[in-house]
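Visitor: Using the sequences and the accompanying hints, generate a full structural model.
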Amino acid sequence: MMEYQSGSTVVHKSHGLCLVRGLKKIGKKEYYEIVPLQGEKVIIYVPCKSASLIFIDIMSASEADELLRYMKSIDDTLDVMDKQKRD
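Residue numbers (my numbering): 36 to 122.
Calculated from the structure, these hints are not laboratory results.
Just so it is clear, the structure is predicted and the values come from calculations on it, not from any experiment.
Calculated cross-link-like contacts (lysine-lysine; reagent style BS3-like; alpha-carbon spacing at most 25 Å): (1) K84 with K48; (2) K64 with K76; (3) K64 with K84; (4) K48 with K60; (5) K84 with K59; (6) K48 with K59; (7) K84 with K63; (8) K59 with K76; (9) K64 with K48; (10) K60 with K84; (11) K76 with K48; (12) K60 with K76.
Guide: Here it is as structure tokens:
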């Protein structure tokens, strides 16, 4: 189970980018208390045990760079293949 710290940014599947405000114990269960960064003025409680089903992981900058390099290589390959078909 991944743990999210207070102040972390997460992507909620329904509410988009949210800020983790902390943990809250309700009854015997622990919940992440999160608030959307834009729009809605609500507090959302996400069970800690099922957060991985509700939050979408955010890519690191290096992962994003790697993905962009890969996509460019595919685009370059497709350009070469398209040119070969025309010739």
